[in-house]
Amino acid sequence: MDFGRLPDLRYVNFGLPPDHPDTAPLLARARPAQPLPPALYVGCPIWTNKDWLGSYFPLGIKEPEYLHYYARQFNSLELNTTHYRIPDAPTVRRWRAAVGPGFQFCPKLPRSISHERELFQTDDLVVPFARAIEELGPALGWAFLQLPPHLGPEHLPRLERFLLDWPAAVPLAVELRHPRWFADRGLADAVFATLEALNKTLVITDVAGRRDVLPMRLTTPTAFVRFNGHGLHSTDYQRADAWAERLATWYAQGLHTAYFFIHQRDVRHAPIWTQHFLARIKELTGIVVAPPAIIPQAVQGSLF
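Numbered according to this note's numbering, the sequence shown terminates at residue 338, and the numbering increases by one at each position without gaps.
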């Protein structure tokens, strides 16, 4: 994810902003009468990570096997491949068969919907896309709509119409990128309230160059966070600790589920960062998600 990436981090304040004042009341209203075990799903944007061969993947596996081994390291996937084409049903069923119980896919809406048609007259694309990803069954998490950076608040009526028409059976998160969505507090609050009313999750994006896309406003009892790291720079670990603390607060207030997706330019850094993050989550919340672990590799020619 190059959105908001900076070459120089010296002047970036990576501290998480305080929660939006409407976040705690939203979580309080969503708290079930019978508390449910909180859920945490952590993943990467792609699974074909060849740089993991010989470490997090067995050496010598073929590409059709990558997803199976990815799902042994992470329990979720930001499914970016769907941004470029609508998959057919057999492909989706193969994805589902490759992962174990409890794994969650979060498919990104096709760019033909979000970027090319800009949400206008998209029924002929939305319907086949929704039907395709519903083949994931219990492995379907939240789909997410990434609005293009040039699509601003002047298109709010179109966004509202799109969300009203969105298939109710498919949970949807929305990522806003144009700066004017956040520049006016009144407008931002109105948009957040609309998402809450329609049961759509606001995507929270943690990137160096756009701290405005970090409003810390939950619009459903599901958090959807996209984290842009910087090669295991010291600030990556400070931010991991801060996010673990914030999620612990949200879980205590009634958060049901969090999806947390890690973007690192070097995919070898994502498992290392995740190990640290999940250790802090376990310490603060008691939530246990198995961290990525290097797989012992067979040594050819050894008798012992």
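FYI, nobody ran anything at the bench for these hints, they're computed from the structure. From a predicted model like this one, the values you see are computed outputs, not experimental measurements. There could be a bad hint or two in this list.
[What the hints assert, rightly or not] DSBU-like mimics (lysine-lysine), calculated; alpha carbons at most 30 Å apart, straight line:
1. 142 - 316
2. 84 - 96
3. 142 - 84
4. 96 - 142
[As the list claims (entries may be wrong)] Just the calculated beta-carbon pair ranges, DEER-fashion:
5. 227 - 283: 36 to 46 Å
6. 124 - 172: 16 to 26 Å
7. 231 - 161: 39 to 49 Å
8. 122 - 182: 36 to 46 Å
9. 184 - 43: 41 to 51 Å
10. 118 - 201: 28 to 38 Å
11. 89 - 231: 37 to 47 Å
12. 172 - 322: 19 to 29 Å
13. 188 - 158: 38 to 48 Å
14. 184 - 118: 29 to 39 Å
Where is the CB? At the ideal position from N, CA and C, for every residue including glycine.
Hint check results:
1. 142 - 316: With a Cα-Cα distance of about 29 Å, the restraint between residue 142 and residue 316 holds, given a limit of 30 Å.
2. 84 - 96: OK: residue 84 and residue 96 at ~10 Å, within 30 Å.
3. 142 - 84: 22 Å, holds
4. 96 - 142: Measuring from Cα to Cα gives roughly 25 Å; hence the hint holds.
5. 227 - 283: 36 to 46 Å: Cβ of residue 227 to Cβ of residue 283: about 22 Å, so the range 36 to 46 Å is violated.
6. 124 - 172: 16 to 26 Å: 19 Å, holds
7. 231 - 161: 39 to 49 Å: 24 Å, violated
8. 122 - 182: 36 to 46 Å: Distance hint for residue 122, residue 182 is violated at roughly 26 Å.
9. 184 - 43: 41 to 51 Å: With Cβ atoms ~26 Å apart, the hint is violated.
10. 118 - 201: 28 to 38 Å: Since residue 118 and residue 201 have Cβ atoms about 21 Å apart, the given range 28 to 38 Å is violated.
11. 89 - 231: 37 to 47 Å: 46 Å, holds
12. 172 - 322: 19 to 29 Å: For residue 322 against residue 172, whose Cβ atoms are near 20 Å apart, the range 19 to 29 Å holds.
13. 188 - 158: 38 to 48 Å: Violated: the Cβ-Cβ distance is about 25 Å, outside 38 to 48 Å.
14. 184 - 118: 29 to 39 Å: 19 Å, violated
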